[in-house]
Amino acid sequence: MSTPKEPLGPTPAEDPLEPVEPQSAADVEVAGEQSRASVAELDGFGRRYLRDVMSSSSLLTLLAIVLAVLLGGVLIIATDPAVQEATGYFFARPSTFFAAAWDAASQAYLALFQGAIYDGQAATFTRAIRPITETLTIATPLILAGLSVGLAFRAGLFNIGGQGQVILGAVLATWIGFGLDLPPVVHLVLALVGGAVGGAFWAAIAGVLKARTGAHEVIVTIMLNNIAAYLVLWVVTTKLFAGGSSGTSKPVGENSRLPALLPEPFRLHLGFILALVLAAAVWWLMERSTLGFKLRAVGSNARAARTAGISVGAMTVLAMAIAGGLAGLAGASQVLGTEGYLTASVAGTIGFDAITVALLGRSKPLGTVLAGLLFGALAAGGRLMQTRTGTPLDLVLVLQSFIVLFIAAPPLVRTIWRLPKPGVRREKPSPTSTTPVTAGADA
Amino acid sequence: MRLELRGITKRFGTFTANDGIDMVVESGEIHAILGENGAGKSTLMNTLYGLYEPDAGQIVIDGEPVVFTGPGDAMRAGIGMVHQHFMLVPVFTVAENVVLGQEPVGKGLIDLKRARQIVRETSEMLGFEIDPDAKIEDLPVGVQQRVEIVKALSRNAKLLILDEPTAVLTPQETDELIEIMRRLAAAGTSILFITHKLREIRAVSDAITIIRLGQVVGSATPSATESELASLMVGRSVSLGVAKEPATTREDVLEVRNLVVRDTHGVPVVNDVSFTVAAGEILAVAGVQGNGQTELTEAILGIQKPASGSVVLRGEPLEGKGVRERLDSGLAYVPEDRSTDGVVGEFSIVENLVLDRIGAAPVSRGGALDMRFLRRNAHELVKEFDVRTTSVDRAVGTLSGGNQQKVVLARELSRPLSLLVASQPTRGVDVGSIEFLHDRIVSERDKGAAVVIVSTELDEVLALGDRIAVMCGGELVGIVPGGESRDVLGLMMTGIGPEEARERAAEHHTLLGEADLEAEAEAADAVPVAPTTPTTPPATGTVDDAPVEETR
Amino acid sequence: MSATATVIETPAPTRAVVPAEVRRTGYLLIGIAALAALLAVLTPSGDSKIRISTSSDAIQIPIFAVPGKVTAIVLALVVVGLAAYGVLLTRRGTKVPVWVVATAGALAFVALLLLLSAGKDQVVPITGLLAGTLLLGTPLVFGALSGVVCERVGIVNIAIEGQLLAGAFAAAIVASMAGNAYVGLIAAPVAGVAVGALLAFFSIRYQVNQIIVGVVLNVLVVGITSFLFSTVLKENPDLNARVGLPVLPIPLLSEIPVVGPVLFRQNLLVYLMFAIVVALQILIFRSRWGLRLRSVGEHPKAADTVGIDVNRTRWRNTLLGGAIAGLGGAFFTVASGLAFGKDMTAGNGFIALAAMILGRWSPKGAVVAALMFGLSKQLGQYIQQLQAPIPPQFLLMLPYIVTILAVAGFAGRVRAPAAEGVPYVK
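Chains as they are written, first to last, in the numbering used here: chain A, 31 to 473; chain B, 199 to 750; chain C, 5 to 430.
Calculated directly from the structure, the hints in this document are not laboratory data. Quantities reported herein were computed from a predicted structural model and do not represent experimental measurements. Glycine included, every Cβ here is placed at the ideal spot set by N, Cα and C. Treat each hint with caution, since some may be false.
[Claimed, not checked] Here are the simulated distance ranges between beta carbons:
hint	chain 1	residue 1	chain 2	residue 2	range
1	A	314	B	212	34 to 42 Å
2	A	118	C	187	22 to 30 Å
3	C	95	B	510	27 to 35 Å
4	C	385	B	470	58 to 66 Å
5	A	132	B	589	46 to 54 Å
6	A	132	C	350	49 to 57 Å
Excised from the complex, chain A in its bound form:
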């Protein structure tokens, strides 16, 4: 077929955020080297443990979040009108400035927390704990779509098409929802399947193009996003779909709704459980199944996979299809669980949030769930923050981006916080020195 001058398939690592530790020597010479830590060298188990903790990935994640929060705080402070006023007479009364600054930031973040976890200011107990349920509700599609992006990453593909796949899943699920009349469980299952199929189809387009023509999936999926956005704009105006108010569709049948987990006014629905179950399923798929092995192999080194008899093209399409299916389910859960009908903005920013969720979660299911919860909390809290303190919801986007950027550059975070480099201390047994020997007749 083609001479392997272009890299076969995609080449990013399992975890695209994993920085390449610079290997600054010829392969052959260094690769032989890495010896185990010489235990005798390190003084005490305790120190080593501490060192491990200090350089651990979880700590870095935490610190990255703190750093992002600080930077976000700067942004809030800089644009707060009270602070701007106080800057005017900074030198006369600096304390006012600092007070105003602290006030602005803390109020905003407090509102964020109240909107995300527990609202102390609320009138009733129900209202007070609603935030946490909101977080879980919002996290549901984020987790699903995050799983989608993460799975694709591990198969070596950049699935930037979450938006489009969510939309297609939502459209198909809606159609099954109001178009058919079926008994309770069946209707729901079918609608969910429809959602998965919709998303899978949309993503598979990019997968097939990549496998057959080498078209870069980043561009194709982004274009498909735009196309899907227009598509749904049109769909909700068609006679088939149009519901009561303009821009919304007919409501889906009762039997196709995802049952609520808690009574009104809580919005938490079965979709959340579904997301957790699917996270476990994705874990099993990637770590324990044959298919997952093949996907990871292709994602890590497509050429070696090909030489081992794995079909790179088939894996590309499958990976995109499965990823699309997960994203489609996110869309379905929005319609069948949260909303009850389709609107043009059903996808919201889920598609792009999913990318940051997957990156933060290191493309692994557990991490994705946690990251989804975090970003769900930010989104839920952000709304209250916007209402209570006037800080725009866009701050959440800023926080998300900063968090991901810092996660991606652990050395940067380490530098800022002055942490030690991670470390197994390496020891190579020093080569025994030999006195040089001359051989052959002396010239």
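Here the structure of chain A is known, so what remains is to put chains B and C in place on it, guided by the hints.
Using the frame of chain A, we list chains B and C on its own:
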């Protein structure tokens, strides 16, 4: 120039690649650095060329210590380097590559006329012609090397470093290169060349420095015997051949008939090749890199679709069968480039050992991996193939070249096979592992497999091949018996048929060919050295995480 | 033994095996021909009124009517002829030249216009449409040029979208503050450089995957600009006023019919674009800077060994790419006379990337490709005006569908700079 290295030390992390290297190269001298893969030769040269800064030690040129912060400094000081993997931009022309970094400029843009002139003048001085406007990617490898030399010399190099220059040349081309080297040396340029090939060192160098594990372990003159040099290089006595019984062949296993493979432009890169390989023999395919061997093996594996012709394995035509099917029907395949095609660097040893057996029992059961089998399999194979590692969960990419290759071979040999196809099986591998790998290959042959080895190293071809096939320009020039002389093979590698090659070789021996004859004569006279098939693992060679270090 | 003379000739292809990309081009041509034929058949009889001149042309050509169906059929025949030629070349295994595909596409576009306007009263303002194409293509050209510079040096710049947006934002604000659009034009590239610096910082210094950095930077820029829009700009609307670049017609040249209004009656940003395209085309392929740039993107190790500082070269050129894209961003605000709006770049950055790939990483090619995308955008907008029976949303999808077809290799073989996307480590 007179170059002196005093105590050069270079570390990467805690790994010491060069440890207190002392060396002198006189003006106009051809000085060879001998060392096996992984000994530190390339690091030393890169340090000398300014790509690395030494952690300790001094570089002294004509009596003056110098410090290089980058290749620019080294070039200005008169050091030029021809790398083993050419530093040429494939899409640029010869002229563009030669002037890169020192472009002549006229009216704000590059003065291409002047660039072409530089190319012509320099190559004339060296005695050959090169078209300055040819694109590098269109040129054969031997010519590309000359472009590298022109590039170095056009910057007034007074010391020329050549890193494994003959890896890609036929013996006849090597002669031409040696001629160029001698010409330069006679004109006062010092030459430093790096190699791990014993034969050519004695043919061309004035002085030899031997490096092992980052240290200078000896110096020699060309009158040293090969076994002396070899034992200095490796640190113990080495058997310089493979202990091999003559082959006992049985039925034909592989039949390749009129195979034609075309590239994306429609040019045939494998052109009407036919041969058979029987069970119990090793067919070694020799030839300079890029003459169709890669495509031939890929066609056997199934990742290249032939334009015409057939490949038949044990009576079954392979056409239409996917890679996996072929592997499952008894084909074992060791690819040319293990790091890109052989192993998934990030996967563990456990996972790599079953890379091409996924989906079938006993690796997988009903869509899921049988984790217990995987681990058991890994432990067994690591032991059997002496893969040096602390844990089977280590990423294969962290292993040395030799150990990676062992993993590949272990994987391939861990299932019933009728045909083993191995490309460049010991490229970039340390001597200890080379011995091991060669022995395993021969024992597979003895167990009844048909083996095809593709190698650009004539040493390996001569050592392993029961029969030798030579490819040139995509065609099979001929198949000769295993004992054929190096000179004949070299001529065949340029396209000359066997009979004519024998005639011509009889008339004129190349330096290496003569060296072969000498070596044979020496071996006949010398007291036979007990062939070492080490029962205890040797204490040297590149090791990953050797659990406890044996003291020497 | 004397050395041998070596003059190398590349062997000519012995027999044509048709490579996949060439075949695809063949299919594309057949598709366009079929489309043209279909359009011709569907065109109602009646005349299409076509206007070429604008009011300030030196020579006034009156509106002329063109018999819709006949002309469409003629055009369709020409397109079929081109397609036949292209297929012939395809069978011979040789690459179909870009002009064949481009001309076929352009004629099919004209046929479409005829179809839509035949028998109706509306006049088709060809010149206006072409001028609009150039205008809509402007940010795409800048974005594609930015992509070319960055990718040629080995850095994948997905953040073009963010750089465009940052440029638009900065231009709007600074122009409003200064009350002068030209000052805004200076601020735009500065904003682009800032984003480019972040891209360079994370991808070169910390070797984070470049695509990831690009995607995240896009989100970041959207976030920050939207945040500031909703806070500072809301409270201070005079910081986000509509300040437009005046049109600067070039005397004499701008009065030539057709060519004049399109090329020479534009604002400074477009003229800058012309200059930058020409400059880059020459410099990248013939200057010292260009040679070194390309060497770093193709074979950084080789560049390193001749003393070129790979990472510094990458830094500098990523910043340059950021500046170019930032400047292009000014199109959305200052050059269009609009105020800044949230996320106003709407995917242009990614279309620009597609244009870069389609244009084979050369400025010349990128411009042609970008204009083609601009054409599809203009077409979509125009057809909406004509009240065609197709729902408007589908017309708005047009540029994106065209982009997908483009990157799926329907227009020839593409070969990216060999070392792009790979961080350089010694």
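Cross-check of the supplied hints:
no.	hint	in the structure
1	A:314 with B:212: 34 to 42 Å	holds, 39 Å
2	A:118 with C:187: 22 to 30 Å	holds, 25 Å
3	C:95 with B:510: 27 to 35 Å	holds, 33 Å
4	C:385 with B:470: 58 to 66 Å	holds, 59 Å
5	A:132 with B:589: 46 to 54 Å	holds, 51 Å
6	A:132 with C:350: 49 to 57 Å	violated, 38 Å
Of the numbered hints stated above, the single one contradicted by the structure is hint 6.
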